[in-house]
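Each chain is listed here by its residues.
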Amino acid sequence: MTHPAEDFLKTLSNQRLDRRGFLTFAAKGLAVAFVLPVAGRIGTVAAAAPPQQLAGAYVRIGTDGSITLAFGGAEMGQGSMSGLAQILAEELMADWNQITVEQSLVNPIVSYLTGGSSAVRGRYTTLRNAGAAARELLVAAAMAEQGDPARDNFKAASAAVTHIPTGTVWPYKALASSAAAQSVPVDLRLTDPAKFRLIGKPVARIDIPAKTDGSAKFGIDTWFPDMVFAAIKHCPTMGGTLAGTPAKPSSAIAVVPCTASDSRGIVAAGSTNAVAVVASNTWLAFKLASSLSVQWKLPVSTNAVDSAQILALAQSLATDGAALVAEPAPPPGYTPTTYAPVIEAQVASELGTPTLEATYTLPYLPHATMEVLNCTVRISYAGGVAQSCEIWAPTQSAAGVANIAKALTGLAPTQIVVNTTLLGGGLGRKFELDFVSQAIQVALAVKKPVKLTWRREEDMANDQYRPCAVVKVKATLDSGRKIKAWSYRNVSQAILGQRGWLPPGAVDSQAVEGSVHLPYALGTHVSEWVPLLAGIPVGFWRSVGSSINAFAVESMMDELAMAAGIDPFIFRYDHLTDARSRAVIWAADILSGWRKTLPAGRAWGMAFAESFGTRVCQVVEISNPTASSVTVRRVACVIDCGTVINPDSVEAQMQGGILHALNATLWGQSTFAAGKVKETNFNKFRVMRIGEMPQVTVQIITSGEPPAGVGEPGVPPLAPALANAYARLTGVRRRNLPLFPNASMGGG
Amino acid sequence: MIALNVNGKSYNVNVDAATPLLWTLRDTLGLTGTKYGCGIEVCWACTVLVNGQPEKSCKFDTSSAAGKKVVTIEGLSADRSHPVQKAWIAHQIPQCGYCQSGMIMACAGALKADHHGKEILSEMKNICICGTYQRIKEAVSGL
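Chain order of the listed sequences is A and Y. Numbered by this note's numbering, the letters in the first sequence go through residues 1 to 748 in order. Numbered by this note's numbering, the letters in the second sequence go through residues 1001 to 1143 in order.
Looking at chain A on its own, in the form it has when it is part of the complex (with noise of 0.2 Å):
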């Protein structure tokens, strides 16, 4: 499996920095470079590239007293930028106010795929590492200055070193210079976690600021004043292709066919999928390109987009379809599928006639992030030769975006240049290049700047979207009401599949993420995946395979939780393996409280679920059921995610994933009718309004854990302990989902 972005790394020659990744020189003062994961994974780092991509590199502490990290993700609404900063000012010992991000452009050091909530807990220890490193460069000069070697007579603090005994100060920037010539020590003096200043606190996101008065620069607000703007128009029908050039409206600029950048269900890379409008501004362009005229050739089936279709297909499938094995590990001389066999007999045997057997049913989801898709471009030429391509795009990828516009503009790396801007959401759409491949070919055509932008309708009818799933589960308790034997089959399209990244005979890891590794004791057990094959472009939607399998995993617990007559606390608390879960959903019985005191016509739903490192369960209270709606009152959230770099961004981001889940809990989903997505538009996609959101309270286990993923977690447990108190309140236990897909469109 190969993403873009490790292409883009081996273009680069290598060379070793120093056992623990450093690398150091001054320019202007100390730059300390650091090797983050992406890099690290192949072992050295890309010195050898030209200075101006090494030039964002590091972490840069200026002779003019600035301190500014170089910040290689997206920021998305995560927190990460002010997160990583927030790390490395600790170790740094610089104060909140002294530090600065800089959006590092494209480059081989500092950029990573920005998705699996991995930002923090990625790279927590190479940032302190990081910190601590410039830190001890810097007191070494200070050393040097003083002529005193004693590193013990000399304190780092506010961005300053001060000499003990004699009380004489330095600023940091009267030191980065000479610290450049240092080297780094062997003990790089870790601050002790029981005194941190700023790892932990709750201070003031550095992206906040910007984001009330206008200046934050997302993608879409990229703008020159001789820029011409593009709309895209694809194919109405998923998998139809151009069947020949339309003729250019008088009023527009040009009109360029776009092709496909990478395969992705029925749309084939490099299939003329889309045609774009260009014009003098964004609303111009969004009018021609509706109302264009179109020929296309349309799928020979639209079969395999169709989500009456694909459903029958997948109910059929979960029943009888060939299966793999996810859990346990196939033993040596089994395959995942010659292993399902054996071990669906053992399971069966086990179960003998089920306590419970159950299947649920969950719907293709959009992203719809509110900036919707965008890219501007600006090539420059000499002679009529492209020099130069300059590329601004709200991208969980840059490196991607470089190595796309490499192969499209058959400019070399050195002549690329990726600004990643901030991101009005990325939700893992962003991740995709469809729209950036898009954005170059009209700049290659039209050979001026452009900015390309999807109508909320374009972007909305051709995401690659959260795979629908039928899941069948089917598990007996036995007489000390225990689970016995769990056969668990989720019948799903592979993500990594679609893209190429799955070598035949495997098992899609985003398909099972969340019904392996199961915190639960569940006897005899098997989990399995049915891969289904439809034509929908799949991608990575805020929790991916979680968001399904939590869904399946904690219905069946609570209904088992019912059937055996216990409190669905204390059965999954019985079933728990480890103390940090059983610790999570205590606390959160604790934080709720409502088996005590809620009155009738009320009820509360829990669910539990352990994604990317982090452990959440959450209690939802809820009233009012009718045939369309039901009101949600309260959450309770509980989370443990190891060390918390920021409490108020940790509580910023359950409130988010909670309000997400909520959305597609209730009424979310694409439906496709023969090739057509019906939801466009948020008049037809229904989402909450600050009215009806509920309370929700967020309690933080702080622990000495490694930092683990924050952006994703909220999302998994909260579709299920929603069904799970529309359960306790109805009688009526709901297996699919949306709640409401025929709800009205509520207040707009």
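To be clear, the hints were calculated from the coordinates, so they are not data collected in a lab. The model shown is predicted, which means the values in this text are computed figures rather than measured ones. Just to be clear, a hint being listed does not mean it is correct.
Said to hold, decoys possible - One-sided and incomplete, this derived list gives chain Y residues near chain A with beta-carbon spacing under 10 Å:
#, residue
1, I1002
2, N1005
3, W1023
4, D1027
5, V1042
6, V1050
7, D1079
8, W1088
9, C1096
10, M1124
11, C1130
Said to hold, decoys possible - Lysine-lysine pairs mimicking DSBU-like chemistry, simulated, CA-CA at most 30 Å apart:
#, chain 1, residue 1, chain 2, residue 2
12, Y, K1112, Y, K1069
13, Y, K1068, A, K155
14, Y, K1125, A, K217
15, A, K596, Y, K1137
16, Y, K1069, A, K248
17, A, K684, Y, K1068
18, A, K678, Y, K1009
19, A, K678, A, K248
20, Y, K1059, A, K678
21, Y, K1059, A, K217
To be verified - Computed beta-carbon distance windows for the label pairs:
#, chain 1, residue 1, chain 2, residue 2, range
22, A, P503, Y, S1077, 51 to 59 Å
23, A, M745, Y, K1086, 40 to 48 Å
24, Y, N1051, A, Q695, 33 to 41 Å
25, Y, A1018, A, M745, 21 to 29 Å
A virtual CB, placed ideally from N, CA and C, is assigned to each residue, including glycine.
Given chain A, put chain Y in place with the hints provided.
Chain Y alone, transformed into the frame defined by chain A:
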């Protein structure tokens, strides 16, 4: 040519009279703080004040703004000192931040119309999918 007054400055813009004010602000004047979300007056990301009244600029003809005072997020204050901006920072509200220009303008419009505290919320139908609603509720309770 249409004569506009935006954030106290006068402009003459050469756009089709039916061009939504949103796109005149963004593409012609380069005032990109006002956001496109849905284009159909449903999400409120494009909210601006026209003569003090919150309007969805995605469906507001540029010609209809002629002779009126338009205020966008860039013009709310020179230094983030408007009470709504101060409350938004104090409560650490924005996540991705994309919908927040519209949120802040809708809230500022409600304040201008002498709504306070919880009353403000019924004047704000803006869509946020990051989950900032709760902090907004807390922030407006002090306005």
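Here's how the hints hold up against the structure:
no., hint, verdict
1, I1002, "violated, 14 Å"
2, N1005, "violated, 17 Å"
3, W1023, "holds, 4 Å"
4, D1027, "holds, 4 Å"
5, V1042, "holds, 5 Å"
6, V1050, "violated, 17 Å"
7, D1079, "holds, 8 Å"
8, W1088, "holds, 5 Å"
9, C1096, "holds, 3 Å"
10, M1124, "holds, 6 Å"
11, C1130, "holds, 5 Å"
12, Y:K1112 x Y:K1069, "holds, 14 Å"
13, Y:K1068 x A:K155, "violated, 60 Å"
14, Y:K1125 x A:K217, "holds, 24 Å"
15, A:K596 x Y:K1137, "holds, 28 Å"
16, Y:K1069 x A:K248, "violated, 38 Å"
17, A:K684 x Y:K1068, "violated, 33 Å"
18, A:K678 x Y:K1009, "violated, 43 Å"
19, A:K678 x A:K248, "holds, 28 Å"
20, Y:K1059 x A:K678, "holds, 23 Å"
21, Y:K1059 x A:K217, "holds, 23 Å"
22, A:P503 x Y:S1077: 51 to 59 Å, "holds, 58 Å"
23, A:M745 x Y:K1086: 40 to 48 Å, "violated, 34 Å"
24, Y:N1051 x A:Q695: 33 to 41 Å, "holds, 36 Å"
25, Y:A1018 x A:M745: 21 to 29 Å, "holds, 27 Å"
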